[in-house]
Amino acid sequence: MTSSNDPIIRFKNVVKRYPGASTPALDVPEFTINRGEFFSILGPSGSGKTTALRLIAGFEQADGGQIFVGDQDVTDVPPYRRDINTVFQSYALFPHMSLRANVAYPLKMAGVDKASIQKRVNEALEMVAMEKMADRFPHQVSGGQRQRVALARAFVGRPKVLLLDEPLSALDLNLRQQMQHVLVDLQRKIGITFVYVTHDQGEALSMSNRVAVVSGGRIQQLDTPNAIYYEPNSRFVAQFIGKSNLVQAHVSGAGAGGPVATVCGEKFALPGVRQTGPVNLAVRFESLAVTKPDEPAPHQVRLMGKVSDVLFLGHTCEVKVKCQDQEFIAFAPARRDAMLAHGQDVCVSFNPDDCAVFND
Amino acid sequence: MTDMATSFDAGASAKARPARRFSKLLPQLPLFVWLAILVVLPNALLIGTSFLKAAGGSVVFQPTLENFSRAYQSSGVWYLLARTIATAAASTVIAAAIAYPMAYYAARVLRRGQFIAVLLVVIPLWISLLMRVFAWRVILGEKGVLNSFLMSTGLISEPSSAFLYNPFAVFLTFVYVSIPFIFIAVYSAIERIPHSLVEAANDCGANGFRAFSTVIWPLSKPGMAIGLALAFLMAVGDYITPSMVGGLNGTMLGMVIASQFGIAGNWPYGAALALILLAAVTVILLVLFKATQVPGILVGEGGGGAPAPKQAKTSRERLMRTGGFVLFLLPYLFLYAPLMIITIFSFNAATVQVFPVSGFTLQWYQDVLNNGALLTALNRSLYVGLCVLLISIVAGTGFAILFAYGKVAGAHWLERLLTLPVAIPGVVLGITLVLAFQLLSIPVGIPRVVLGHATFVMPVVMLTVLGRLRRLDPALVEASLDLGGTYGRTIWNVILPLVRGAIIGGALLGFTLSVDEVVVSLFLTGTQPTLPVWVWNQMRFGFTPSVNAIFVCIGVFSVALTLIARHFLEPKGTEAR
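Chains as they are written, first to last, in my numbering: chain H, 1 to 360; chain L, 361 to 937.
Any given hint could be a false lead.
[Unchecked claim] Derived lysine-lysine pairs resembling DSSO-like cross-links, with alpha carbons at most 27 Å apart:
#: 1; chain 1: L; residue 1: Lys650; chain 2: H; residue 2: Lys108
#: 2; chain 1: H; residue 1: Lys189; chain 2: H; residue 2: Lys160
#: 3; chain 1: H; residue 1: Lys108; chain 2: H; residue 2: Lys119
#: 4; chain 1: H; residue 1: Lys160; chain 2: H; residue 2: Lys114
#: 5; chain 1: L; residue 1: Lys581; chain 2: H; residue 2: Lys108
#: 6; chain 1: H; residue 1: Lys119; chain 2: H; residue 2: Lys132
[Stated by the list, open to error] Computed Cβ-Cβ distance ranges for the label pairs, DEER-style:
#: 7; chain 1: L; residue 1: Trp773; chain 2: H; residue 2: Pro78; range: 42 to 50 Å
#: 8; chain 1: L; residue 1: Leu470; chain 2: H; residue 2: Glu286; range: 26 to 34 Å
#: 9; chain 1: H; residue 1: Asp135; chain 2: L; residue 2: Ser434; range: 45 to 53 Å
#: 10; chain 1: L; residue 1: Met680; chain 2: H; residue 2: Asn226; range: 50 to 58 Å
[Stated by the list, open to error] Partial selection, computed: residues in chain L whose CB lies under 7 Å from chain H:
#: 11; residue: Asn567
#: 12; residue: Pro582
#: 13; residue: Val654
#: 14; residue: Val686
Note that these hints are calculated values from the structure, not bench results. The C-beta atom is built at its ideal place from N, Cα and C for all residues, glycine as well.
Please model the complete structure; the sequences and the hints are all you need to start from.
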């Protein structure tokens, strides 16, 4: 899971506005995607992630700035001369062509000779396990199968970059997880750069080398899935990725051992925090431990509270605990014999290291 | 009838899920009665009559093949058939060559004002066909606009008679009449193609032209075929246009057929000729639909949408863009030339329609109010139109609901059979109806006209509603039944509100067709002429410019009505897409 520093796509001061909108749909001063990377653009709907993809594909033109593929400035290059292919959200398979003809289409456009077309189409269909249905038409196969054919059509021409626009959003959960494996495998096998647009954090985190979290047309954070998950740099990222408690705290920098935070009357050292006064701490559900008062609490900061709600999720429970005026939600292991109950007194504990601090 | 989905997913009706009790036979009874009386009987009589003998102007019940052998041996019939089909086919193809690029431009290049672009093509349809053809006579005649123009430019010194009363005039008029039909069919086909398919083609390396030829063109072919078929049928079954602008050399087979039921008084021979024409037309249409068939089904409703706006960056691009727009506007000039003639002469002081105009007057508009016969005919047309609408809406919607939810056995074929009158050339349809109504002793005049028009207006309403019903989520009906709605209340409270738009759309189109119909009506009206039939008589025996005035009024009224209807019916903010 390493990414070389060999940029394949580079945005330079790219701005895209849609007519009638007051703020730009996308405003990216600088941004690169490296060769061979599985790169995800993650954001809520309307965040500008699809705009970014359409700019790379060439369906939209930027109002300012430049886009490079390798060393070539492609800002004004039409989509059909870009060595980049897209897997559309709607799949956009040509309804009047068989699946085979759909996959052959880009090769035909590129003027590849017939014998090679046939060979490469068969290979591509085999890679997505669709070779047996090659002569059917799009309306005769299921959504998941269409999706796989759309994928084959996009990579059969071996483009430099493959763009995927929420390709799994129309599939059911099982199929979605299955396709995630197919995509990761495929990306390793053919070694093409994947740029994957999604609003599903699970997809982004599980498949990508790097993730860009976008919102309001801007990149909020660009990092490895691990860093994005554990070191969110803003309240938005913390809330958008995973499940986090937002805890109100007060920081005073007076003490000898550096800054000290107070949560629900409990004081603890919070190294590395510059600002003082009221701040928000993001603490992930799984970083909180809920224990009975008589058990030893595993973490450093301990707060006493009462269970107000328990959701049984199968492998875990989601426990809501009220401590003074704040509510915490924690994942607790589900235990058949010793379930937590409403109104029970419990201890909530966490480590200061697991807190991300924002003042926004 | 512009709905290509109906031909695509006709087989789906068998799979329609809900409503077991709909399948009881009783509700299907009206359907079979309609089929028997208005479709099967007339055509059976046509076939039957063609095998009978004629003697002294009446039909003798004595089987014979005489009529066919006479037609077969007549070189004139073969020649006329060939010329009729050649003229109709050529004019349809040329009309398509003009209408297709227009429709493409309106659907995929124009970013604003699609509604206006479409409306402007449709408006000429509301001005009587007869009037438009008559206006062409004014343009092409010896003292006409074209001659005056050519003489003023010095290209010719003497007014030429080469433009009118010949096959070319017929051809030109057919092209003119066909353009709106093909435009509408192609526009609705292209507009439906999701833009993502074009993007996918570009993405796969196809440039603009190849994306068009591999995606847009094949997907719009079936829609275009419907437009071509409609235009071809209209031209082939038309005996009015040739007799107005064709002269002796422009005679078409339809005129000969019609005359067998009129002056010549040989019904069996006319029926035989009609069958021959029908057979030829059927073969041609089958070939057309076969040739334009496209495999696969466009799934999902992800509608067209205009392409992403792009700025023209170089001056060459800007020039091409402006040039494209100018080219797009040219056919509108062609479409509106006759309308301008009608308007100009409605204000012209002279009674004869020749240039130069003699002076401004409002006299013709005043005369409309004093012209009893004209007002009676107008009244009658509106009355007929409303009766036809009432019948067509009730029957068309009912049949559509039956086909969509009723599990009618052989629905696919019954549906085709019901729409048959739309696919029969006007002159042939008129004859079959005369034969049937004569047998059933339905009185000549309004009853005949109403029933006759209903045969081709009802399918229009039915197909529009059916197209909408088939796109509805079947779960909606199930939900209503599940929540305690009876079948009747489900139809009333769920289905009808959802298809209201389709009913209104189909009804408006049907009303237009009925009010303007002349080819079939001439066979049915007797002494009670509808407005177009009255105008037709006027044109032959003493034309008054009041007719111009009334059609200017009708045109203005229709446009106003459409704009008002659009204002109230359409949800806001759909235009700026």
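Status of the hints after comparison with the structure:
This hinted pair checks out: Lys650/L and Lys108/H have alpha carbons roughly 26 Å apart, not beyond 27 Å. Our distance criterion of 27 Å between C-alpha atoms is met by Lys189/H and Lys160/H, whose separation comes to about 14 Å. A C-alpha spacing of about 13 Å is found between Lys108/H and Lys119/H, which places the hinted pair at or below 27 Å, so the restraint holds. Pair hint Lys160/H plus Lys114/H holds up; C-alpha atoms about 23 Å apart against a cutoff of 27 Å.
The straight-line distance between the Cα atoms of Lys581/L and Lys108/H is roughly 22 Å, inside the 27 Å bound, and the hint therefore holds. For a cut-off of 27 Å, the pair hint linking Lys119/H to Lys132/H stands: about 15 Å separates their Cα positions. The hinted range of 42 to 50 Å is satisfied by Trp773/L and Pro78/H, whose Cβ atoms lie roughly 48 Å apart. A C-beta distance of roughly 55 Å is found between Leu470/L and Glu286/H, which places it outside the suggested range of 26 to 34 Å.
Separated by about 51 Å at the C-beta atoms, Asp135/H and Ser434/L satisfy the suggested range of 45 to 53 Å. In this structure, Met680/L and Asn226/H meet the distance hint of 50 to 58 Å, their C-beta atoms being roughly 52 Å apart. With a cut of 7 Å, the hint placing Asn567/L at the interface with chain H holds, because the nearest CB-to-CB distance is about 5 Å. For Pro582/L, the suggested interface contact is broken, since its CB lies about 10 Å from the closest CB of chain H, more than 7 Å.
Checking Val654/L against chain H: minimum C-beta separation of about 5 Å stays under 7 Å; hint holds. For Val686/L, the shortest C-beta to C-beta distance to chain H is roughly 25 Å, which exceeds 7 Å, and the interface hint is violated.
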